[in-house]
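From first to last, the protein sequence lines stand for chains A and B.
Take 201 as the starting number for the first sequence in my numbering and just add one per residue.
Take 201 as the starting number for the second sequence in my numbering and just add one per residue.
Hints may contain errors.
It does not matter which identical chain is meant; a pair holds if it fits inside one copy or across any two.
Capping the alpha-carbon separation at 20 Å, the derived lysine to any residue pairs in SDA-like fashion look like this [as the list claims (entries may be wrong)]: (1) Lys359 x Gly456; (2) Lys369 x Lys397; (3) Lys393 x Arg357; (4) Lys397 x Asn313; (5) Lys318 x Ile446; (6) Lys369 x Arg357; (7) Lys314 x Ile446; (8) Lys318 x Phe447; (9) Lys359 x Lys369; (10) Lys314 x Asp448; (11) Lys369 x Tyr398; (12) Lys445 x Met354; (13) Lys445 x Arg316; (14) Lys445 x Asp371; (15) Lys445 x Val319; (16) Lys445 x Asp320; (17) Lys314 x Gly456; (18) Lys385 x Glu430; (19) Lys314 x Tyr458; (20) Lys369 x Met394; (21) Lys397 x Ser381.
Hints in this document: simulated from the structure, not taken from any laboratory.
Okay, here's what each chain looks like letter by letter:
2 protein chains.
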Amino acid sequence: MTVAARRSTCKEKDRRGRVTVVGIGPGGIHHITTRAIDELRSADSIVGFGLYVNQIRSIIRPNARVYSSGMGHEIDRASLALELASRGRRVAVVSSGDPGVYGMAGPIIETVNKLRMKVDVVVVPGVTAATASAASLGAPLMTDFAAISLSDLMVPRNKILERVESALKGDFVLVLYNPQSRSRKEPLRLVHKMLMKYRKPNTPIGIVTAYGRAGERTTVTTLVRMLDHEIDMESTVIIGNSSTKIFDGKILTPRGYYSRGQPTRSRTRTPSRTLR
Amino acid sequence: MTVAARRSTCKEKDRRGRVTVVGIGPGGIHHITTRAIDELRSADSIVGFGLYVNQIRSIIRPNARVYSSGMGHEIDRASLALELASRGRRVAVVSSGDPGVYGMAGPIIETVNKLRMKVDVVVVPGVTAATASAASLGAPLMTDFAAISLSDLMVPRNKILERVESALKGDFVLVLYNPQSRSRKEPLRLVHKMLMKYRKPNTPIGIVTAYGRAGERTTVTTLVRMLDHEIDMESTVIIGNSSTKIFDGKILTPRGYYSRGQPTRSRTRTPSRTLR
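Excised from the complex, chain A in its bound form:
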């Protein structure tokens, strides 16, 4: 081995690995940030769930090595990514939406700590399903909202229901992630029963499925009719609070700009001027 090669090997051993956990938005490639695109392009190794890796194939380097897996392998995926990074690879872990909202940021950080690895973890935020779905529906989230996942794989069902109940008592707008799947329909039915207890039957409901992808669908309906509609693993469900309304096919939770017929807190001096 030459001196240069030996020096290079030593440098690699001393260099800490780095994993970037990249939020790729809700679907397609148009809701990805320029920072996320740069990170994906810089990576020589891409790790992720197959569907999401396919979503961003047009962005990654042609010679990047891709490690694609099926559902439910978050810890294995995390371990693999960290192992590759500790060997000097530039690793990007692909996470749908935002990595910190029921995504890969948690498994990566839990694993790097459990395994005591000398790997830096950088999280690149993305557009999460709550805000993408809300954009499709109008402005349902304008006041305080709570995000709850109905996936009961790791959180006990009664805990999920307690959370829903607290959020309803606080009059939050609710955003349901992972609302149901073909094999998991009971949690949503139980939640619906609870919703009917705390909210009026005509409470606005928004269901957005496959945002940004082929087959994208947006449904505006009311609470009493919620379960009549198709809701699956690609859906996000938004449940209005006590003030939420439907206007012209859009859902709006007013923030109080218009109270008793006139604008509030909109100061009366000339508001706008043209600048170049």
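We have chain A; now place chain B onto it with these hints.
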């Protein structure tokens, strides 16, 4: 007027106006989606709060007309944008973070309905402060979370406190938007008092200020010391739930991947394979 000019004028009158409400992310230009960039580049008229308009000046057309205003003019800004759109302009309203999270989507939709204008409203989602701040801190939001604004301009203070209390009872991770300003410090003190009642003094707290901008700061601390730190209008505060921990300077709310020392629900068959 020539026949062609008259026809053109008639077409313009029949054409519905269109306002795009564009989320520009938390700061800088790197956390903007490619769709948002396209919309900003297509617009001939840009409407927004001065600070946010300046953030994206490098993206907009050189000859775009810019209508920039001070704080608190949401309804006036909305009315102006809709008026310009109804006259045939391609209008983009700039909204920090995501337009539907305490942003401009609500005022625009409320106003288009109040004024019964024939203008289409399209909302382009962006990266909101909750997820940007979380990315800076590690993975604090991995389970269910609630977003609450402490701005009491339009929502009564007691209502805000009730919401905080419900979220605490439900063991949500909390994200506080607009936590305090030079003239508005009392709400955060009252919230802190309530937090100390429901959470342990060593509950992890994250404070992220000016994410993506000059002067960006990230602080990881504990609940009992929260008010010792600088928190202002550009800050987002994240309050852990009963499971949240600090590891190696990062905040993590575990989702249950590691229970009783071993991974749960990580199926044992070979999880990863290389694809090209």
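Against the structure, the hints:
1. In this assembly of identical chains, the alpha carbons of Lys359 and Gly456 lie at most 20 Å apart only when taken from different copies (13 Å versus 33 Å within one copy).
2. When the C-alpha separation of Lys369 and Lys397 is checked against a cutoff of 20 Å, the pair qualifies both within a copy, at 11 Å, and between copies, at 19 Å.
3. Proximity of Lys393 and Arg357 under a CA criterion of 20 Å is satisfied intra-copy only: 14 Å inside one chain copy versus 31 Å between copies.
4. In this homomeric assembly, Lys397 and Asn313 never come within 20 Å of each other (Cα to Cα): the closest approach is 43 Å inside a single copy and 30 Å across copies.
5. In this assembly of identical chains, the alpha carbons of Lys318 and Ile446 lie at most 20 Å apart only when taken from different copies (17 Å versus 52 Å within one copy).
6. Proximity of Lys369 and Arg357 under a CA criterion of 20 Å is satisfied in both settings, with 19 Å inside one chain copy and 17 Å between copies.
7. Taking the shortest Cα distances, Lys314 and Ile446 sit within 20 Å of each other only across copies (13 Å), while inside one copy they are farther apart (48 Å).
8. Taking the shortest alpha-carbon separations for Lys318 and Phe447, only the inter-copy value of 13 Å comes in at or below 20 Å, while the best intra-copy value is 53 Å.
9. Taking CA atoms no more than 20 Å apart as the test, Lys359 paired with Lys369 passes in both settings, with 15 Å inside one copy and 12 Å between copies.
10. In this assembly of identical chains, Lys314 and Asp448 lie within 20 Å of each other by CA distance solely across copies; the values are 11 Å between and 52 Å within a copy.
11. Both within a single protomer and between protomers do Lys369 and Tyr398 lie at most 20 Å apart by alpha-carbon distance, with minima of 8 Å and 17 Å respectively.
12. In the homo-oligomer, the alpha carbons of Lys445 and Met354 lie at most 20 Å apart only across protomers (18 Å), although the nearest pairing inside one protomer, at 34 Å, exceeds that limit.
13. For the homomeric pair Lys445 and Arg316, the shortest alpha-carbon distance between copies (16 Å) is at most 20 Å, but the shortest distance inside one copy (50 Å) is not.
14. When the C-alpha separation of Lys445 and Asp371 is checked against a cutoff of 20 Å, the pair qualifies only within one copy, where the shortest distance is 14 Å, while the shortest distance between copies is 28 Å.
15. Taking the closest pair of Cα atoms, Lys445 and Val319 come within 20 Å of each other only across two copies (19 Å); inside a single copy the shortest separation is 48 Å, beyond that limit.
16. Taking the shortest alpha-carbon separations for Lys445 and Asp320, only the inter-copy value of 18 Å comes in at or below 20 Å, while the best intra-copy value is 46 Å.
17. In the homo-oligomer, the alpha carbons of Lys314 and Gly456 lie at most 20 Å apart only across protomers (13 Å), although the nearest pairing inside one protomer, at 47 Å, exceeds that limit.
18. Within a single copy, Lys385 and Glu430 get their C-alpha atoms as close as 12 Å, which meets the 20 Å cut-off; across copies the closest is 46 Å, which misses it.
19. In this assembly of identical chains, Lys314 and Tyr458 lie within 20 Å of each other by CA distance solely across copies; the values are 9 Å between and 52 Å within a copy.
20. Proximity of Lys369 and Met394 under a CA criterion of 20 Å is satisfied in both settings, with 11 Å inside one chain copy and 17 Å between copies.
21. For the homomeric pair Lys397 and Ser381, neither the shortest alpha-carbon distance inside one copy (24 Å) nor that between copies (38 Å) is at most 20 Å.
Violated hints, listed in ascending order, are 4 and 21; each of the other numbered hints is respected by the structure.
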